[in-house]
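Undergrad: Those protein sequences? They're chains X and R, same order as listed.
First residue of the first sequence? That's 1 in full-length UniProt numbering, and the numbers climb one at a time after it.
First residue of the second sequence? That's 1 in full-length UniProt numbering, and the numbers climb one at a time after it.
One or more of the hints may lead you astray.
Which chain R residues stay away from chain X? Per the calculated CB distances, all over 12 angstroms, these [said to hold, decoys possible]:
#, residue
1, 40
2, 114
3, 154
4, 179
5, 215
6, 235
7, 250
Each pair of labels, with its calculated beta carbon distance range [said to hold, decoys possible]:
#, chain 1, residue 1, chain 2, residue 2, range
8, R, 7, X, 107, 57 to 63 angstroms
9, X, 107, R, 137, 47 to 53 angstroms
10, R, 110, X, 112, 43 to 49 angstroms
11, R, 130, X, 114, 29 to 35 angstroms
12, X, 129, R, 111, 54 to 60 angstroms
13, R, 20, X, 171, 25 to 31 angstroms
14, X, 112, R, 250, 36 to 42 angstroms
A few chain R residues that don't get close to chain X, going by computed Cβ distances all over 12 angstroms [said to hold, decoys possible]:
#, residue
15, 27
16, 28
17, 48
18, 74
19, 75
20, 84
21, 117
22, 119
23, 124
24, 166
25, 177
26, 204
27, 219
28, 221
29, 222
30, 240
It should be emphasised that the hints constitute simulated quantities derived from the structure, not laboratory data.
It should be emphasised that the depicted structure is a prediction, and the values quoted were computed from it without experimental measurement.
The beta-carbon is built from N, C-alpha and C at its ideal position, and this holds for glycine as well.
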Amino acid sequence: MSGSRSTSISPRAGKVLRAAWPPLLLAAVLVVGWQLLAQDGIKNPQVLPSPTRVVSAGWDQRSTIWSEALPTLRETELGFALSFALSWLIAGAMDFSATVRRAVYPLLVTSQTVPVVALAPMFVVVFGFTLLPKVLLVALATFFPLTASLAEGFATADGEASRLLRSMGAGRWREFWTVRVPGALPFFFTGLRVSITYAIGGAIFAEYAGAERGLGLYLNQMQQVFRLDLVFATVIVVAALSVALFAATYLLERWLTPWRRFERSARTQGANAA
Amino acid sequence: MTSTTLEYALEADGLVQHFARPGREPLHVLDGLDLRVREGEFAAVLGPSGSGKSTLLNILAGLDRPGSGAVRVGGSGSVAYMPQKDLLFPWRTVEDNAILGLEVAGVKKKAAREQVAPLFEEFGLAGFEHSYPAQLSGGMRQRAALLRTVAMNRPVLLLDEPFGALDALTRTQLHLWLAETRQRHGWTIVLVTHDIREAVILADSVHVLSPRPARVTHRLEIDLPLPRTADTFALPEFARLERELLVALGTLG
């Protein structure tokens with residue numbers, strides 16, 4: 001077993017490289033094109049700053065950008081924690097009671113049709129320039145994919161596995177923890193990846209609508225003083241943070257669902273044999 | 001519970017089961033089914049498909065109540081049920097799957113692991129305690145599922161076509177292994193199957209079900225010598241019993 005584990009590393013690294021070089025190459029081509037267009041075509045950094053200018057301006061302002069990023073990350077973290085807790089509570093309650101499911105699900109869907117554009121300023125009016133409206137907006141933007149995927153994961157639990165547990169004398173609560181929760185984890189991670197890409201965006205949007213600190217506010221201010229190079233630099237930082245969070249979900253998944261690795265390899269072996 | 005004074009390890013008396021069907025007559029599945037299994041006996045319940053085997057299993061496993069009739073199990077009063085699919089939980093290692101029944105019964109994880117540890121060797125799973133089910137072959141998965149069933153320490157093992165999904169070679173290997181292992185332990189087993197060969201090579205008694213609504217129409221003692229080995233298949237007695245069961249099932253008209 002240890003042998004198969006150690007030999008699986010190098011093909012894995014090779015796979016990562018093979019997957020990584022096309023997007024990297026494309027990004028490089030786009031950046032070079034942008035650089036040429038900005039420096040030889042448009043020649044006005046207030047319309048289109050060149051990548052080199054964006055990077056050097058961003059580097060100069062790195063401590064400012066970082067200190068604005070901290071409150072944004074804090075809001076993302078709290079909002080996401082709230083959304084995480086809500087999703088387990090709601091999806092769990094929906095799994096235990098069909099009545100709750102019927103009552104809650106339509107409201108959940110409806111909550112997603114409310115445009116965030118309309119909510120953000122309203123939250124500011126109600127809660128002021130505090131942390132709370134941002135946290136709520138992040139939670140609102142992220143909790144639906146989490147709840148929906150968890151509820152689906154709970155619902156797809158194997159009925160026969162539940163029967164087996166009942167024949168052993170298990171009650172509903174143990175069945176939930178022993179069968180439904182582990183079975184729902186792969187679904188949960190799919191939902192987590194969808195929602196985590198909304199998380200920082202949600203926080204920035206909320207700051208846009210009114211804040212004292214944060215990347216959203218900074219973006220707004222830089223736009224107003226025509227520092228497009230810093231706007232771009234900030235956007236790059238936001239994108240990098242989102243990608244980092246997205247990648248972290250894979251690490252977390254690998255750590256929390258170690259058995260899935262073998263399921264995948266068992267499937268590919270089956271496919272190869274067929 | 002006074003069930004320890006029972007003459008049989010498992011007694012099912014006059015089991016009747018109907019299922020309501022909207023707009024139609026209720027489906028009559030079991031029609032006064034009797035089954036008696038002595039302590040240490042390996043009983044095979046043999047029936048054509050659709051004969052109500054799953055209904056019987058659900059009642060014996062305590063998952064459903066019969067419409068009338070009763071099931072009594074000696075000792076702890078309940079059977080250890082092994083379903084058709086192995087139903088090993090993919091997120092648990094083989095060891096943690098094995099202790100599932102003990103955990104549900106309230107045994108602490110560490111104590112449960114110590115309790116099942118000696119079984120792995122005998123079940124051909126030594127060295128795979130910490131593997132996940134996805135890493136096992138079909139035969140090993142089935143042995144792991146049986147280990148989980150045995151580990152529950154209940155007086156009767158109830159097996160639902162446990163080898164149905166395996167290829168013929170693996171199935172035969174498992175039959176011979178189970179014949180030997182259960183003889184050593186003296187397990188009381190009720191095996192529900194539609195495989196005549198399986199019933200004859202493994203069982204001490206075969207109970208043949210009628211088509212629905214099911215009753216036991218024949219009870220056949222399998223007096224093949226113990227231990228049952230690969231040579232048992234070659235005995236003229238084996239062929240005779242196989243043929244007798246085919247007739248009892250109505251397959252030969």
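Undergrad: Can we confirm that no CB of chain X comes within 12 angstroms of the CB of residue 215 of chain R?
TA: The claim stands: residue 215 of chain R keeps its Cβ more than 12 angstroms from every Cβ of chain X (closest is about 25 angstroms).
Undergrad: May I ask you to check that residue 179 of chain R keeps its beta-carbon over 12 angstroms from the closest beta-carbon of chain X?
TA: About 25 angstroms separates residue 179 of chain R from the closest Cβ of chain X, which puts it past 12 angstroms; holds.
Undergrad: Would you say residue 235 of chain R is clear of chain X, with no C-beta pair closer than or equal to 12 angstroms?
TA: Residue 235 of chain R is indeed farther than 12 angstroms from all Cβ atoms of chain X, at 36 angstroms.
Undergrad: Determine whether the Cβ-Cβ distance between residue 20 of chain R and residue 171 of chain X falls within the hinted range of 25 to 31 angstroms.
TA: 27 angstroms, holds
Undergrad: Can you tell me whether the CB distance of residue 129 of chain X to residue 111 of chain R sits inside 54 to 60 angstroms?
TA: This hint holds: roughly 57 angstroms between Cβ atoms.
Undergrad: Far enough from chain X: is every CB of that chain over 12 angstroms from the CB of residue 48 of chain R?
TA: The assertion about residue 48 of chain R holds, with a minimum of 22 angstroms to chain X.
Undergrad: A cut-off of 12 angstroms on Cβ-Cβ distance, and residue 74 of chain R was said to be off the interface with chain X. Does that hold?
TA: 17 angstroms, holds
Undergrad: Take a quick look at residue 28 of chain R and tell me if its Cβ sits farther than 12 angstroms from every Cβ on chain X, holds or violated.
TA: 23 angstroms, holds
Undergrad: Taking C-beta pairs only, is residue 124 of chain R more than 12 angstroms away from all of chain X?
TA: 17 angstroms, holds
Undergrad: Confirm or reject the claim that residue 107 of chain X and residue 137 of chain R have a C-beta distance inside 47 to 53 angstroms.
TA: 48 angstroms, holds
Undergrad: Taking C-beta pairs only, is residue 75 of chain R more than 12 angstroms away from all of chain X?
TA: At about 15 angstroms from chain X, residue 75 of chain R clears the 12 angstroms cut-off, so the statement holds.
Undergrad: Would the non-interface assignment of residue 219 of chain R survive a Cβ cutoff of 12 angstroms against chain X?
TA: Label holds. Min Cβ-Cβ 26 angstroms, cutoff 12 angstroms.
Taken one by one, the earlier hints fail for this structure at numbers 3, 11, 14, 20, listed in ascending order.
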